[in-house]
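Visitor: Here are the chains, one letter per residue:
Protein chains: 2
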Amino acid sequence: MPIDLEEAIALLQRTPAVLDALLRNLPETWTLRNEGEKTWSAFDVVGHLIHGERTDWLPRAKRILEFGETKAFEPFDRFAQERESRGKSLGQLLEEFARLRAQNLKELRGLNLRPADLEKRGRHPALGVVTLGELLATWAAHDLTHLHQLSRILAYPYREAVGPWRKFLGVMACAGHSAAT
Amino acid sequence: MPIDLEEAIALLQRTPAVLDALLRNLPETWTLRNEGEKTWSAFDVVGHLIHGERTDWLPRAKRILEFGETKAFEPFDRFAQERESRGKSLGQLLEEFARLRAQNLKELRGLNLRPADLEKRGRHPALGVVTLGELLATWAAHDLTHLHQLSRILAYPYREAVGPWRKFLGVMACAGHSAAT
Numbered sequence: 000m001p002i003d004l005e006e007a008i009a010l011l012q013r014t015p016a017v018l019d020a021l022l023r024n025l026p027e028t029w030t031l032r033n034e035g036e037k038t039w040s041a042f043d044v045v046g047h048l049i050h051g052e053r054t055d056w057l058p059r060a061k062r063i064l065e066f067g068e069t070k071a072f073e074p075f076d077r078f079a080q081e082r083e084s085r086g087k088s089l090g091q092l093l094e095e096f097a098r099l100r101a102q103n104l105k106e107l108r109g110l111n112l113r114p115a116d117l118e119k120r121g122r123h124p125a126l127g128v129v130t131l132g133e134l135l136a137t138w139a140a141h142d143l144t145h146l147h148q149l150s151r152i153l154a155y156p157y158r159e160a161v162g163p164w165r166k167f168l169g170v171m172a173c174a175g176h177s178a179a180t
Numbered sequence: 000m001p002i003d004l005e006e007a008i009a010l011l012q013r014t015p016a017v018l019d020a021l022l023r024n025l026p027e028t029w030t031l032r033n034e035g036e037k038t039w040s041a042f043d044v045v046g047h048l049i050h051g052e053r054t055d056w057l058p059r060a061k062r063i064l065e066f067g068e069t070k071a072f073e074p075f076d077r078f079a080q081e082r083e084s085r086g087k088s089l090g091q092l093l094e095e096f097a098r099l100r101a102q103n104l105k106e107l108r109g110l111n112l113r114p115a116d117l118e119k120r121g122r123h124p125a126l127g128v129v130t131l132g133e134l135l136a137t138w139a140a141h142d143l144t145h146l147h148q149l150s151r152i153l154a155y156p157y158r159e160a161v162g163p164w165r166k167f168l169g170v171m172a173c174a175g176h177s178a179a180t
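Quick note, the sequences are listed as chains A and B, same order. Mapping of the first sequence onto numbering that gives the first Met the number 0: residues 0 to 180, in sequence order. Mapping of the second sequence onto numbering that gives the first Met the number 0: residues 0 to 180, in sequence order.
If you are wondering where the hints come from, they were derived from the structure by calculation, not from laboratory data. Just so you know, not all the hints are guaranteed correct.
Note that the list lumps identical chains together, so a pair holds whenever it fits in one copy or between two copies.
Claimed, not checked - As a list, the in silico DSBU-like pairs of lysine-lysine whose alpha-carbon atoms are at most 35 Å apart: (1) K61 / K105; (2) K61 / K119; (3) K119 / K105; (4) K37 / K70; (5) K87 / K166; (6) K119 / K70; (7) K37 / K61; (8) K166 / K61; (9) K87 / K105; (10) K166 / K37.
My request is simple: use the sequences and hints to build the entire structure.
Guide: Structure follows, in structure tokens:
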């Protein structure tokens, strides 16, 4: 069942405003705190999304269209934001993400993809053969996976403060479940 | 460790704009779809949050201040939105939620709570003794638990479409974990 490209874009174009509403000017208690050693803060997550806009989703889509399965995608650097976000404010990162996402969706629309194009195949360095439709569905689902993670990161400082309600709050029980994309 | 009331309010006041940015005018593929039998759609979640504004958080806070432990909270109806949302659009629900939340936060500020007030005790019908600070922390964490749930509900229609990336996407592996509050 191939995705409807307009429906995927409807989700993708919302993410910058969602993150802005959630994170801009939120106290640093929330935005710089992570979930313990080797986990990410909200600041780290936005940097990761920026790096994806630059190097992952649209560049991989274009590689599929140009090279098919003959040239694998570049591996994605999950730690790039540690250098690339350095010295920036969260507000700057939110603006950078919004600008890059808008540019990329404009370029995606400009590709004028038809449903048949979504069946085109490329090569992921770890997963092997994937289709353009799978890549674009993953772009949208990847936003949601990080929104899922952000809600958990923001809830983390309150895990004691909620007292006996903790057992009723799903976000406090979430084990994370993510890996590299 | 008591919560900082201003920091809790900083989160609480953001939620209506976050949900609006995420859900308003999103195709019904996303907003009316649930995760299978007896689960909620995004539309259901917003209705549930509205019912909480009307009957749960601030009314319970006022009961603590007025009656302490001597009068238990009214039990919360987790299914009220099935009748209360009937015939309404998601846009209407988003506006109703934003209006009620703004009113409630204005009233909360008007209570002029001091840190010592957060230690005041009330009685939850199932959990027993709880403090005002725990109730207010739970109000904020409850928003996050439903943002966590919403990201999962929206990802659900794409669990096949993402192909082999599914195993990398934490939101696809989330088991829910929620119960009544």
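Visitor: Can you name, in rising order, the numbers of the hints this structure does not satisfy?
Guide: none
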